[in-house]
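Student: Okay, here's what each chain looks like letter by letter:
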Amino acid sequence: MKAVHMIIETNDLTKVYGMDGVSVTALENVNIQIEAGDFVAIMGPSGSGKSTLLNILGCLARPTSGKYILDGEDVSNLDKVQLAAIRNLKLGYVFQSYNLLSHTTALRNVILPLLYDRTRRVPQQEWQGIGEKMLEAVGLGDRMHHQPQELSGGQQQRVAIARALINDPVVIIADEPTGNLDSRSGEEIMGLLDTFHKQGVTIVIVTHDPIVAAHTQRTIHLKDGHIDTIVHNGSSSHPIAKKEADYAAI
Amino acid sequence: MQPSEVLRIAWEAIGKNKVRSLLTMLGIIIGVAAVIIMIAISAGTEATISDQITSLGSNLIYVSSSFSRMGPGVAGSSGGLIYDDATAIEENISGVKGVVVEQDASETVKAGSVSLDSISITGTSPDFLSVRNLTLAEGRFYTADDITNKKKVVVLGFDLAQELFGNTDAIGQTILVSTTRLTVVGVLAEKGTVGDVDYDARLYAPISVVLQKFAQTPFSRIMGDQIRMIFVQVDDTADMDNVILQTQILLAKRHNVSLDSLDFTVTTQEDIIATQESTTSAFRSLLAWVAGVSLIVGGIGIMNIMLVSVTERTREIGLRQSIGATPTDIRWQFLTEALLMSLVGGMIGTAVGVGGSWLFGTVSSMRTVIVPSSILLAFGSAAVVGAFFGFYPANRAAQLDPIDALRHE
Ligand SMILES: Nc1ncnc2c1ncn2[C@@H]1O[C@H](COP(=O)(O)OP(=O)(O)O)[C@@H](O)[C@H]1O
Ligand SMILES: [Mg+2]
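Sequence order for the protein chains is A and B. Last residue of the first sequence? That's 250 in this note's numbering, and every number before it is there in order. Last residue of the second sequence? That's 659 in this note's numbering, and every number before it is there in order.
Next up, chain A with everything else stripped away, as it sits in the complex (with noise of 0.2 angstroms):
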């Protein structure tokens, strides 16, 4: 059997905002595992600190104590430039708006993280033909030199997950991917992050949506920066289903 390999694991994550007058706890000892290949998806009522895990899992905040070990290394304490390098090289971000460039075709928009890379994994050479290939990954073959603004939601989003796999990252971060998009669109996302989650990548996503949650092996429910309940749905064949199941379980 192979050894397991931990992506993400935290120990007593804590986020205490404004720390003089009136502090908020946002997240108190939190301690989560993520191994390569998870699918997994935190929810939570508004205000639980979904965000700010995320964030904190990201690489976009540091945690006011408690360690976070990213991919073997403890990324709790660096600076400001070893976290960009760590966003760079692990990350792969998709947000609920999408955040592309405005006038900036779908291939640039791709390749953006490779003119990033300090460490230069990438030849400049090959940039063109890697985003090429993901952009045919995400079936956008035929809409490599469009802007933004002429695909539709969906499309962006599809836009926003190549370039977020283009670095070949350890872990997808997923704010509310779905958020934005009719349900039909939403669906075909998640559609495509399960077959990038079947080819082994990592994905964390964060959702209001049990549909969304039921395409994940794993769902972690926080309440008041706490983690609640930690629901495994196993096959996501027939999620709703097998999510009211899992439900019962507990």
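Since the hints were made in silico from the structure, they are not lab data. The C-beta atom is built at its ideal place from N, Cα and C for all residues, glycine as well. There may be inaccurate statements among the hints.
[To be verified] Calculated pairs, SDA-like style, for lysine to any residue (alpha carbon to alpha carbon, straight line, at most 20 angstroms):
| # | chain 1 | residue 1 | chain 2 | residue 2 |
| --- | --- | --- | --- | --- |
| 1 | B | Lys266 | A | Thr105 |
| 2 | B | Lys463 | B | Thr430 |
| 3 | A | Lys90 | B | Asp579 |
[Stated by the list, open to error] To give an idea of the chain A side of the interface with chain B (calculated C-beta under 7 angstroms), a few residues:
| # | residue |
| --- | --- |
| 4 | Lys80 |
| 5 | Tyr93 |
| 6 | His221 |
Start from chain A and add chain B with the ligands according to the hints.
Tutor: Positioned in the frame of chain A, the structure of chain B with the ligands alone reads:
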């Protein structure tokens, strides 16, 4: 990120808001153009002065009538300078190498079928050639004898000879100046324009002929022939100030005036240069102010628009940060944009400045010489302004928190 990519992003950002960018660049454009024009005028003035020194020599004294008591031609006037004053200076003052009198007139000149209006006539004496560093292309200049005997001879400026006679030999031909027929004895070599005198477009006749035929006033008979100016060439070894003083004393005595109410003025080549410099220096300092103020205003404009740009693109900054841009990457991106904007402004300003300098030189009496290093200086100042005023907005962008930036609406 590679510099070429940073440059490309900056260029695209500027291109997205063409009108806004152009308006922002306006201050830089004006500032840079003003720097180039200012230096072109300075260089033009210097070139004019050095031309004058090399062509006229620096040891000249100009004595000119000032009609201090009454207007010219008014009865009872002391009359200013008269022809005999020149002779007196030459005979009585030591250290004088040559004296040239000059009286100008303007008449219609005819030769065969060619007729030219308002041609300047310089009535002068034989020393004129050496005092003014002029040479003959052909023939001879008039002599002291020609002056004494009021010979009807004339020497033509180079261009005038061409206009009157074309390629045929002018020597020995006659021309009709007003109603007086003069024989051409010489043609000057090309000299061009010095100060505001075009030496090639005029004709030169013995002073005695000019005084008698072309510059006659009712009073010249009584008072002696009035002349506009006496040029005194001082020996290289003589003391200039001493010659000036002696001239003043001599002429004061001859004109019966006291030394503190002279009816003539004595100036030197240096005085004339100083006057020329002061007229252009006022203009130059005005342009220097315009340049300085425009560059600073332009810089503030750039800072302002860059702050707007940073705010507008906060989400883009957040996105770039999320995919790995460091604060340095972001800082460079916006600094490059500010710099590029000021350099493009500098480029447009250079075109305006070079064109403006040329236009100034053409339509005004000021001479302009475009100095290549002034373009470099102008570009340098534009770059400094761009970097200085771009730094604050760029730094602000660099210090944005990625989460706040991504959440920005
Ligand atoms: N930048 C911040 N400053 C202060 N308090 C914050 C900040 N961000 C979030 N919080 C607080 O932390 C708690 C968790 O917020 P958040 O992580 O956004 O929850 P969720 O995404 O689940 O709605 C909330 O009480 C929120 O008000
Ligand atoms: Mg939230």
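Student: Which earlier hints can't be squared with this structure?
Tutor: 6
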